[in-house]
Structure formats: structure tokens, C-alpha cells
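Novice: Sequence:
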Amino acid sequence: MTPFILSTERLGLRKWLESDNEPFVKMNKDPAVMQFFPKTLTDIETAEMMQRINEHFDKNGFGLFALENKQTRKFIGFTGLAIPRFEAFFTPCVEIGWRLKKEAWGQGFATEAAKACLNYGFNTIGLDKIVSFTSVLNINSEKVMKRIGMRYVTEFEHPKVEKNSILSKHVLYEISRSGFTFNK
Numbered sequence: 024m025t026p027f028i029l030s031t032e033r034l035g036l037r038k039w040l041e042s043d044n045e046p047f048v049k050m051n052k053d054p055a056v057m058q059f060f061p062k063t064l065t066d067i068e069t070a071e072m073m074q075r076i077n078e079h080f081d082k083n084g085f086g087l088f089a090l091e092n093k094q095t096r097k098f099i100g101f102t103g104l105a106i107p108r109f110e111a112f113f114t115p116c117v118e119i120g121w122r123l124k125k126e127a128w129g130q131g132f133a134t135e136a137a138k139a140c141l142n143y144g145f146n147t148i149g150l151d152k153i154v155s156f157t158s159v160l161n162i163n164s165e166k167v168m169k170r171i172g173m174r175y176v177t178e179f180e181h182p183k184v185e186k187n188s189i190l191s192k193h194v195l196y197e198i199s200r201s202g203f204t205f206n207k
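Residue numbers 24 to 207, in our numbering, belong to the letters of the sequence shown in order.
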């Protein structure tokens, strides 16, 4: 059993295991999960993403954690902190993000894991500010941002999304260490 780096009442947040590959591939091929991304990912693209996640951990000491449901011991997605790989008016920065398989939606897992990650970012890593962004169409992710105490900053055109795409316009949220209160 792999030890959890962070733990909540229902979730274990940990480094990635080889056994996560198959459910991660399946999740990234699900059109519902990837609705607000330019496309679903191939097996190779998912493997490359997993490699980038692991390299981010090695380089920065933090990253996107694999999420495990403690009750089922199953991989349900990821939540964590990452440094975006594009330039914008708000970069460099640290972003909080999440992606959960469809079966895990609507149960408060994203909010629960994100609160634990904010606490980790501010009180363990020592960050001063954390941002989050998503397509303006992704209302559910925006609701998570609000539930974890983030505040709306602005809208922007994502530089990695084609300008004519309905997904190019994004909302930007942020939270500062002074504005964060950890309540489970």
C-alpha cells in the first residue's frame, strides 16, 4: 500500500502508481470528462501527461496528486498544484486543478481534495497565492473554485487553446494565504 502524502476523511492523495495508468487512460478518453478540454487524450498523450506530472514532482517537490477513494481503494482522478506551462499576464504562478472520473462527480470529492491541497500549498509549501482557471463554460469547476474560497479575477483567452474555439475564453480565480481558512 502506497502511503498518502495528504489525507482527508474520504480521500488519499498520493504519488502516481503504475496501476493508475489504465484508469487514467480511460478517464482521459471519456468525452464527458474531457468536455471542457480541446480533445480527449490518446493512450500515448496520457502516458506523456503522467510523465510530466512525475517530473513536476521531482523538480518542484509538489504536483498533481493521484486521488484514491479510501473506501474502495480505487483511483478516481487527480487534484493538486502545478506550475502552468504557458505565458500569460498572471504567470509564473501555481495553479490548483482537478479532474475526476465521471463516477466520482457530484460527491464533493473535488472540493474536499482541493481544500486539502490549498492547505498544503499555503501551510506546507509556503505559497502566498494560488490561482485556478477553466473554460467559462465549465460551471461545475467554477463552483468548486468558489466553494474553496477563491475569488474571481477576470476572463482571459487561453494561449494554448485555438482562438476560434468555444473553449478559448477562460475564467481566472485566485486565493491568497491571508484569505484562506482551512475548514474540513
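Everything labelled a hint here was simulated from the structure, so no lab data went into it.
Remember, predicted model here, so these are calculated numbers, not experimental data.
Cβ atoms here follow ideal geometry from the backbone N, Cα and C, with glycine treated the same way.
Take the hints with a grain of salt, since some may be wrong.
Said to hold, decoys possible - Pairwise CB distance ranges (calculated): (1) 67 - 42: 15 to 23 Å; (2) 60 - 129: 15 to 23 Å; (3) 60 - 114: 15 to 23 Å; (4) 204 - 27: 34 to 42 Å; (5) 113 - 186: 15 to 23 Å; (6) 109 - 174: 17 to 25 Å; (7) 163 - 61: 15 to 23 Å; (8) 26 - 177: 37 to 45 Å; (9) 32 - 169: 34 to 42 Å; (10) 128 - 40: 32 to 40 Å; (11) 26 - 182: 17 to 25 Å; (12) 149 - 169: 19 to 27 Å; (13) 177 - 40: 34 to 42 Å.
Stated by the list, open to error - Below, in silico cross-link-like pairs of lysine-lysine (DSSO-like), each with a Cα-Cα straight-line distance of 27 Å or less: (14) 124 - 38; (15) 166 - 183; (16) 125 - 183; (17) 93 - 49; (18) 93 - 183; (19) 97 - 49; (20) 49 - 124; (21) 93 - 62; (22) 183 - 49; (23) 49 - 38; (24) 38 - 93; (25) 169 - 62; (26) 38 - 186; (27) 97 - 38.
Novice: Would you mind marking each hint as holding or not holding in the structure?
Specialist: Evaluated hints:
1. At roughly 19 Å, the beta carbons of residue 67 and residue 42 sit within the given window of 15 to 23 Å.
2. A beta carbon spacing of about 20 Å between residue 60 and residue 129 agrees with the range 15 to 23 Å that was offered as a hint.
3. For residue 60 and residue 114, the Cβ-Cβ distance of about 19 Å falls inside the hinted range of 15 to 23 Å, so the restraint holds.
4. The given range of 34 to 42 Å is broken by residue 204 and residue 27, whose C-beta atoms sit roughly 23 Å from each other.
5. The supplied range of 15 to 23 Å is met by residue 113 and residue 186, whose beta-carbon atoms lie about 19 Å from each other.
6. The beta-carbon spacing between residue 109 and residue 174, approximately 22 Å, falls within the hinted interval of 17 to 25 Å.
7. Between residue 163 and residue 61 the beta carbon distance is about 18 Å. The supplied range of 15 to 23 Å therefore holds.
8. Distance hint check: the CB atoms of residue 26 and residue 177 are about 39 Å apart, consistent with the given range 37 to 45 Å.
9. The hint said 34 to 42 Å for the Cβ distance between residue 32 and residue 169, and at roughly 21 Å that hint is violated.
10. For residue 128 and residue 40, the Cβ-Cβ distance of about 23 Å falls outside the hinted range of 32 to 40 Å, so the restraint is violated.
11. In this structure the hint that residue 26 and residue 182 lie 17 to 25 Å apart at CB is violated, the actual value being about 37 Å.
12. The hint said 19 to 27 Å for the Cβ distance between residue 149 and residue 169, and at roughly 25 Å that hint holds.
13. Distance hint for residue 177 and residue 40: a CB-CB separation of about 38 Å, consistent with the stated range 34 to 42 Å.
14. Using a Cα cut-off of 27 Å, the hinted pair residue 124 and residue 38 holds, with the two alpha carbons roughly 18 Å apart.
15. Annotation: proposed proximity of residue 166 to residue 183 holds, straight-line Cα distance about 23 Å (limit 27 Å).
16. Distance check on the hinted pair: residue 125 and residue 183 sit about 25 Å apart at the alpha-carbon level, within 27 Å; holds.
17. A threshold of 27 Å between alpha carbons decides the hint, and for residue 93 with residue 49 the separation of about 20 Å falls inside it, so the pair holds.
18. Between residue 93 and residue 183 the alpha-carbon distance is near 35 Å, which puts this suggested pair outside the 27 Å criterion.
19. Proposed proximity of residue 97 and residue 49 is supported: the alpha carbons are some 14 Å apart, at most 27 Å.
20. With a C-alpha separation of about 9 Å, the suggested pair residue 49 and residue 124 falls inside the 27 Å cut-off, and the hint holds.
21. Distance restraint check for residue 93 and residue 62: the Cα-Cα separation of roughly 30 Å exceeds the 27 Å cut-off, and the hinted pair is therefore not satisfied.
22. Taken as a hint, the residue 183 and residue 49 pair is honoured in the structure, with Cα atoms around 23 Å apart against an allowance of 27 Å.
23. Using a Cα cut-off of 27 Å, the hinted pair residue 49 and residue 38 holds, with the two alpha carbons roughly 19 Å apart.
24. Distance hint between residue 38 and residue 93 is fulfilled; the C-alpha atoms sit about 15 Å from each other, no more than 27 Å.
25. Annotation: proposed proximity of residue 169 to residue 62 holds, straight-line Cα distance about 26 Å (limit 27 Å).
26. As the CA atoms of residue 38 and residue 186 are separated by approximately 35 Å, the hinted pair breaks the 27 Å bound.
27. A threshold of 27 Å between alpha carbons decides the hint, and for residue 97 with residue 38 the separation of about 14 Å falls inside it, so the pair holds.
The structure shown violates the earlier hints numbered 4, 9, 10, 11, 18, 21 and 26.
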